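Novice: Modelling step: build the complete structure from the supplied sequences, incorporating the hints.
Going line by line, the protein sequences match chains S and R. Its first residue numbered 2, the first sequence is counted upward by one per residue in our numbering. Its first residue numbered 16, the second sequence is counted upward by one per residue in our numbering.
Quick caveat, the hints were computed from the structure, so don't treat them as lab data. None of the hints are false.
Derived SDA-like pairs: lysine to any residue, alpha-carbon spacing no greater than 20 Å straight-line:
#1 S:128 with S:151
#2 S:104 with S:190
#3 S:110 with R:458
#4 S:110 with R:468
#5 S:127 with R:469
#6 S:110 with R:455
#7 S:32 with S:8
Pairwise CB distance ranges, derived in the manner of DEER restraints:
#8 S:233 with R:477: 43 to 53 Å
#9 S:199 with R:45: 48 to 58 Å
#10 R:384 with S:25: 25 to 35 Å
#11 S:127 with R:513: 45 to 55 Å
#12 R:314 with S:155: 50 to 60 Å
Predicted model only: the values in this text are computed from it and were never measured. Yeah, the Cβ is synthetic: ideal placement off N, Cα and C, and Gly gets one too.
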Amino acid sequence: MVYQPEYDDNQDYAVMLDDVNVFYGDYQAVKDVTIPVEKGRITAFIGPSGCGKSTVLRAINRMNDLVEGARVTGNVQYHGKNLYDADVDPVEVRRRIGMVFQKPNPFPKSIYDNVAYGPRLLGVNKKPILDEIVEKSLRGAALWDEVKNDLRKSGLALSGGQQQRLCIARTIAVEPDIILMDEPASALDPIATQRIEQLMREELSEYTIIIVTHNMQQAQRASDYVAFFNIRKRDQNNQEIRWGELAEFGETDQVFNNPSSAETAEYIAGRFG
Amino acid sequence: MTMESHTPTSSYMPDEATFKKRLAGRHRRAGAWLGFYYFAIGISLVALIALFGNVINEAFGSIAVQFEVDPDTLTEDGADLNSLDETQLAQILVDQLGGRIVVLIRDELSAVASEDFTSATLAQLVPNGTLPDGYEDATVEEVRALDSEEAMPVWRDLIALNVPKDGLLNLINDQIVSLEVVGSWPLLEALFAYDAPSETVDRIATIPTEIAALASELEDLRSETGGIAQAETALADARRDQADDATITSLREAVREQQARATDIETQIDQLDEELETLEDSSIVTEVAANYPDARIIRFQSWLDTQFLTTQMSSTPYEAGIRGAILGSLWLMAVVIVFALPVGVATAIYLNEYATDNFLNRLIETNVRNLAGVPSIIYGMLGLAVFVRVLEPFTSGSIFGVADAANGRTVLSAALTLGLLILPIIIINAQEALRAVPNALREASYGMGATKWQTIWKIVLPSALPGILTGLILSVSRAIGETAPLIVVGASTLLFTDPNGPFSKFTALPIQIYNWTARPQDQFRDIAAAAIIVLLVIVIALNSVAIVLRNRYAR
Chain S
2 MVYQPEYDDN
12 QDYAVMLDDV
22 NVFYGDYQAV
32 KDVTIPVEKG
42 RITAFIGPSG
52 CGKSTVLRAI
62 NRMNDLVEGA
72 RVTGNVQYHG
82 KNLYDADVDP
92 VEVRRRIGMV
102 FQKPNPFPKS
112 IYDNVAYGPR
122 LLGVNKKPIL
132 DEIVEKSLRG
142 AALWDEVKND
152 LRKSGLALSG
162 GQQQRLCIAR
172 TIAVEPDIIL
182 MDEPASALDP
192 IATQRIEQLM
202 REELSEYTII
212 IVTHNMQQAQ
222 RASDYVAFFN
232 IRKRDQNNQE
242 IRWGELAEFG
252 ETDQVFNNPS
262 SAETAEYIAG
272 RFG
Chain R
16 MTMESHTPTS
26 SYMPDEATFK
36 KRLAGRHRRA
46 GAWLGFYYFA
56 IGISLVALIA
66 LFGNVINEAF
76 GSIAVQFEVD
86 PDTLTEDGAD
96 LNSLDETQLA
106 QILVDQLGGR
116 IVVLIRDELS
126 AVASEDFTSA
136 TLAQLVPNGT
146 LPDGYEDATV
156 EEVRALDSEE
166 AMPVWRDLIA
176 LNVPKDGLLN
186 LINDQIVSLE
196 VVGSWPLLEA
206 LFAYDAPSET
216 VDRIATIPTE
226 IAALASELED
236 LRSETGGIAQ
246 AETALADARR
256 DQADDATITS
266 LREAVREQQA
276 RATDIETQID
286 QLDEELETLE
296 DSSIVTEVAA
306 NYPDARIIRF
316 QSWLDTQFLT
326 TQMSSTPYEA
336 GIRGAILGSL
346 WLMAVVIVFA
356 LPVGVATAIY
366 LNEYATDNFL
376 NRLIETNVRN
386 LAGVPSIIYG
396 MLGLAVFVRV
406 LEPFTSGSIF
416 GVADAANGRT
426 VLSAALTLGL
436 LILPIIIINA
446 QEALRAVPNA
456 LREASYGMGA
466 TKWQTIWKIV
476 LPSALPGILT
486 GLILSVSRAI
496 GETAPLIVVG
506 ASTLLFTDPN
516 GPFSKFTALP
526 IQIYNWTARP
536 QDQFRDIAAA
546 AIIVLLVIVI
556 ALNSVAIVLR
566 NRYAR
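Specialist: What follows is the structure in structure tokens.
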């Protein structure tokens, strides 16, 4: 049986994943994942490599659509609407649910143009308004003071940590509801990592954030909720299979201090993964 | 040198002695390969130097020219024509041509039709020009009727006031000097075999007298009273007198001796002739002195000069230029880019960004790659069949009312053919450039809520642009050097008007070079070499732009 977390049917969640399955061609990568993502809080996805946590994350803003042969079934409930309904435009989904990637990937443009890219896509072209958006977004990503004097400099000229904060600024410039972060600090040094975590706690505290991380301490420090994914290798009939499943979900303190399953406890203690 | 191993050696590893031996062998093999690399680069360098050396050797060098009138005799003190003013130059024309000056004015200067020429006034001849005082309303007939003391200054002033200095110099060169190039020599000969040493010159001078002496000796020997005749008469006399055998034998011997002497002299003359020829050919100066005693040598003549670049085709090499060919090549280049760049880039975008991985798309892509290897002449056949023949109304411009007669052999036909030729290369290069754009950038853009088109237009294309342009420039520089398809499509070989648009007849640099190298006269090969330099400069300039672009945008 697949683990089912407890949730309140009457609560208005930011995103409600309900029995989500992801397939790549014939291969099932993730099975029956159910996660309630609470508004304005930080939810961390943890688990060993290959457990499907990034796949689930990318299912939330339909980035999987870009992968040939990828297919998602189940219900990704967002404002009372399943994101995989036929009348939902993935372009709109991605504007509401922004994403920050593992490797900092600023566009080869100036800092200003990086941040203004999203608003311009939406047709905001007036210079004073763009100026305001750029400043607000860069402040929101705690980057303004470092770059305010050379906004014309290429985004690629910044350090790795600054680049990642630029990517966060770029994401919040289109004012999304939810920010998905796919291991945003894994390519950064400890100090830059700390800046990102601080940013999530302080400047981005209004946003609903879902973060995938390999770093247990990071999950423990930065998140309010933790979803632990694991790889299932045999089904109930002892047939060989291989897919990712949700193994445990709960408040961070509870999952780390009092895990309900033995495998969660082992993973958190560093005995595998 | 020995290095003791500090770690225990496993049994799989060679022992110390074997290791040393093999190490030496490994170094030897590395050295041998390095030697091969040096050899290879040496060959490339030699080939390059030979290529440029050959072209430069042909394009510069000495020429021998002959004039009908020596330009130095035109002025009293032999002053340079360039230093004279318009009136003096016009005076030279009038002095030299006499009455023919009127014909010159009719053909070169007059604005009225030739049948109205004699009855026209001078003011009508040059409607906006300046006129000699007092003769504005005189007709050509009236001025001609004046006596020459009075008429010549009028003609002189008319020409001097209305023809620019360059034009006057050209008229003098054309009408009076009539320069003719009688011989040309490549640069190496101009540098190293220009003049012969004095002993050679002396020898050349003495050989004819030696030959003359030998010739007169031979003539004497063979004359009716000469040595051969005498000996023959003596022999005949002896036979008639029935002299004894010994006498006859000795007389017969004497005849043979005399004949042998004559043959010997002939051989000597032949040898001297040969020596003379070799000596004369040994330097430019002696060769010209022997063959063109009236010619003047210009030791360093560059076939490549501004006049060569700016004048039209001509059937005389000295006057021929490549203006039409350069303009034709530039027009071709422009139309090729306008046609091939958008089509090629659009195809690459479709194949790379939109096409799913199915059989049809794989087939298209494989074929594009194969087309890049199809010989260019086959594209020429295609261009002839499709653009020149089938689409003639379109490629000749007659459909748009631009051309009077339908003739599909236009810039447009050739450019479309060359465009097809380089299209696969542009597509392949553009695909490489698009593929090199990191997927992370595409994902970032999609993640911001960009549509596919916005992502391609705002992120992917700008990032791929340097690569696309590099590919474009390299393929255009290939197209500009193509000859075969243009010949098939039908470039003009002799064109006296500038190509001035996509619908005009045209020639191009490689066509011009090809035609000139096929001519028998040496001088055509010299101007072909000069045109090759121009073509090489254009191609190298294009490739440099490509390199600069690549370096500027290299990450």
